[in-house]
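**Q** If you read the protein sequences in the order shown, they are chains A and B.
Numbering that gives the first Met the number 0 puts the first residue of the first sequence at 0, with every later residue one more than the last.
Numbering that gives the first Met the number 0 puts the first residue of the second sequence at 0, with every later residue one more than the last.
Calculated from the structure, these hints are not laboratory results.
Each hint should be verified, as a subset may be incorrect.
Stated by the list, open to error - Capping the alpha-carbon separation at 16 Å, the derived lysine to aspartate or glutamate pairs in EDC-like fashion look like this:
id: 1; chain 1: B; residue 1: K167; chain 2: B; residue 2: E140
id: 2; chain 1: B; residue 1: K201; chain 2: A; residue 2: D348
id: 3; chain 1: A; residue 1: K46; chain 2: A; residue 2: D95
id: 4; chain 1: A; residue 1: K306; chain 2: A; residue 2: D15
id: 5; chain 1: A; residue 1: K346; chain 2: B; residue 2: E189
id: 6; chain 1: A; residue 1: K256; chain 2: A; residue 2: D282
id: 7; chain 1: B; residue 1: K42; chain 2: B; residue 2: E56
id: 8; chain 1: A; residue 1: K181; chain 2: A; residue 2: E147
id: 9; chain 1: A; residue 1: K46; chain 2: A; residue 2: E33
id: 10; chain 1: A; residue 1: K184; chain 2: B; residue 2: D260
id: 11; chain 1: A; residue 1: K256; chain 2: A; residue 2: E86
id: 12; chain 1: A; residue 1: K185; chain 2: B; residue 2: D20
Stated by the list, open to error - So these bits of chain A aren't anywhere near chain B, every CB distance computed over 12 Å:
id: 13; residue: V156
id: 14; residue: P226
id: 15; residue: K233
id: 16; residue: V305
id: 17; residue: T310
id: 18; residue: R377
The C-beta atom is built at its ideal place from N, Cα and C for all residues, glycine as well.
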Amino acid sequence: MSSSEISSQPDWNAYDDDRFRSEVRAFFETAYPEELRYPAFFLSWSKTQHWYRKLYAQGWAAPAWPREWGGMGLDGAKMLIFMEEQERHGIGRTPDQGITLLGPLLIRYASEEQKRQFLPPTLSGEYLWCQGYSEPNAGSDLASLRTEAVIDGDEYVINGSKIWTSYAMDATHMFILVRTDKSAKKQEGISFLLLRMDSPGITVRPIRNLLGSEHFAQVFFDNVRTPVAWRIGKPNQGWTMAKALLGFERVSAGSPKVAQNGLRRLEAVAARLGLMEDAGFRDRYLQLKLDIADLASVYDRFAELVKRGGTPGPDVSMLKILATETYQRLTELTLEAAGNAGALHGKVDIAGAPLDILSPFYMSRPFTIAAGSSEVQRNILAKNVLQLP
Amino acid sequence: MSQEDTNQMLRDAVGGFAARDTSIARVRALRETDPGFDRAVWKKIADAGWTGILVPEKFGGAGLSLPEMAAVLEEFAKTLSPEPLNAVSSLAALTLSGGDNEALQARLLPQIAAGDLIAAVAWQESESGIDPAAIETTAKEAAGGYALSGSKRFAVPFGADAYLVSAKGQGGVIVACVDKSAKGLTVDSELRADGTRVARLKLDNVQVAKADIVASAGAGARALGQAIDQTTILAGAELLGVMSRALEITLDYMRTRVQFDRPIGSFQALQHRAVDLFIQKELSFSVLRDAHIHLAQDADALALWASRVKSRCSEAGMRIGRESIQIHGGIGFTDECDIGLYLKRAMVLSAWLGNGAVHRRRYAALAPALEAA
Ligand SMILES: Cc1cc2nc3c(=O)[nH]c(=O)nc-3n(C[C@H](O)[C@H](O)[C@H](O)COP(=O)(O)OP(=O)(O)OC[C@H]3O[C@@H](n4cnc5c(N)ncnc54)[C@H](O)[C@@H]3O)c2cc1C
């Protein structure tokens, strides 16, 4: 698709919030495929590309990108509304790391030529990106990554391995952190490169997850070549660039909507099995309900800050802890409420209704592991907020 | 021989089985298959004598009691073998021997002990009900026996040769032995988290002869209740085995996985998590041990102890499973890492025969009555 096929975007930020919200909601309600609402697991590109094309044609594929690059140009306030509506309607994630993670980084750090080269095909879905940060020995301690890139003429030659790479099987391209200076301090010898997934020397080994599906992979690099012109930013600046983009991610990771949707699933199970009359269950249910309500209050504080154009401080870590751990407890109580059916795989019969109880339970596990584990977030809070020695 | 010696001998024997006859690779290969376990391995289990531990000597068993079976099941559970040892050799065998049909006992119990008959007790109908008397399936008296109609869920194992089905007769709950190919019986399976299956039965006017009635109306509820409670305690022993092994694996991982140039086991945040899991495991061990001691003196407290044991072991097993995943990080979310298999077995054992919440509720209902007595 050429960019002329995208409907041109008004200045959304000039809309009042309610009007913007209702337009977004109306589009989602009419255009999003019913069968993909509230997906219980990761959706592959084959399942979501039809929806992505609709978003693209509407001009809404990249809500946070500036309008000059085909985005909606939403500011923080409108972006949060957009995401709240996505979650409210249960819209599943497409393999969207090119839009959500790479795009903003390119817009901020790439040369004009690189932007022209990579942003349009990323927007159209022609380039699907995966994120090559983690390695077998560099997880929480990402800065210790060892996959290295050495310059040979006008190309980098890459050797090493990345792991837990989501959507690696769907992706056409990868953005990757590599070590380019072994003598520098850990954080200072890392560069940010782009590469094609069909480059000679790349092997992708899909990894089956707890749900039994292949969503992530280990990727091996054996003398893989990529142009020096595909490096974003200066050499050895990769760490700083990657870190700069984490703040917004932590506000969105703290959204209470996922838990609010989960609460409805718990209510459905409890109602079908007559648990609401049980005083013990009711108390635990109400405790969670209020935890989620109060999580929303914390979220609103950070959302307002973002809406005013502020940048959240290290205390935003508490939002991620609250959102992910509350949601996990919710999936656990749902399993328990389902009794014997709480150990059944897939869509199961709960007093006559088909419900998938286990998938949300499994899916909630990595929320406290990826994007900074709960332990790492607590370390940040202890050090940078409580200022403990 | 003292009970401790017997138990140690039994544990060692299961250790031998673990080394020779099963492996995690075998467990993985059997997942989601039909029926989900291996009859050849079942025969080896029988040859070792474990299918007959609770079967009276006169019917070809060892005539031992709960502590011995618990020792075997705790070790057996560590192997994650999908063979339904507790369901068949405790629940079905105890239901049969608690019944009042001695001729049927003489016919079936030796077969169970020998590993030639795999019987599943089909007593549950709803997601959370654990009262064997609260059922809808009916038994109408018919020519020379009964006609059963209704449905059952969560019977273990799927793929049994016969089902011991509970039903409401005129004077109370009866238990009938229904052959898997009986006319009017439909058996479907539901897949569990760990890749094993439970049976879902539909009974449409299934004819059962008097000779195949395991327990008559006067004896059914009691036979079932006792068998279920004893098996519930044994499921606690299985959970103890699963959680112990899961914790060992996790502690090993904490010793070897390095981040920030140190083993992750050196981070106090993880150390405290691990210690809390250890304490949960110790609580589970202690309540089980206490249950054995008390039940040897006062068998009337069986139901109360069953609920105490199952409540603790279900919660502890689930918690150790979940937190082991967290401590493993990304690799814990994969299918190739064994720790997930332990979480999934803990999920299955915790839900089976009533989960923690169900047993806390029952404990509350039972406890005051006992205090008043
Ligand atoms: C579903 C899923 C999708 C993912 N997708 C991607 C992707 O697309 N691209 C990508 O690059 N990565 C991806 N990841 C990887 C993810 O970022 C890592 O899993 C994460 O950084 C944790 O690293 P690790 O798995 O190596 O665990 P480790 O770092 O080994 O952590 C193991 C345990 O140690 C704890 N720990 C570590 N350090 C400390 C400390 N200092 N103090 C206390 N406790 C500590 C952790 O909290 C955890 O409990 C994904 C992971 C998952 C689970």
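**Q** Taking the hints in turn, state whether each one holds.
**A** Each hint, compared with the structure:
no.: 1; hint: K167/B <-> E140/B; result: 11 Å, holds
no.: 2; hint: K201/B <-> D348/A; result: 15 Å, holds
no.: 3; hint: K46/A <-> D95/A; result: 13 Å, holds
no.: 4; hint: K306/A <-> D15/A; result: 13 Å, holds
no.: 5; hint: K346/A <-> E189/B; result: 10 Å, holds
no.: 6; hint: K256/A <-> D282/A; result: 22 Å, violated
no.: 7; hint: K42/B <-> E56/B; result: 19 Å, violated
no.: 8; hint: K181/A <-> E147/A; result: 9 Å, holds
no.: 9; hint: K46/A <-> E33/A; result: 13 Å, holds
no.: 10; hint: K184/A <-> D260/B; result: 14 Å, holds
no.: 11; hint: K256/A <-> E86/A; result: 6 Å, holds
no.: 12; hint: K185/A <-> D20/B; result: 48 Å, violated
no.: 13; hint: V156; result: 27 Å, holds
no.: 14; hint: P226; result: 30 Å, holds
no.: 15; hint: K233; result: 27 Å, holds
no.: 16; hint: V305; result: 29 Å, holds
no.: 17; hint: T310; result: 26 Å, holds
no.: 18; hint: R377; result: 7 Å, violated
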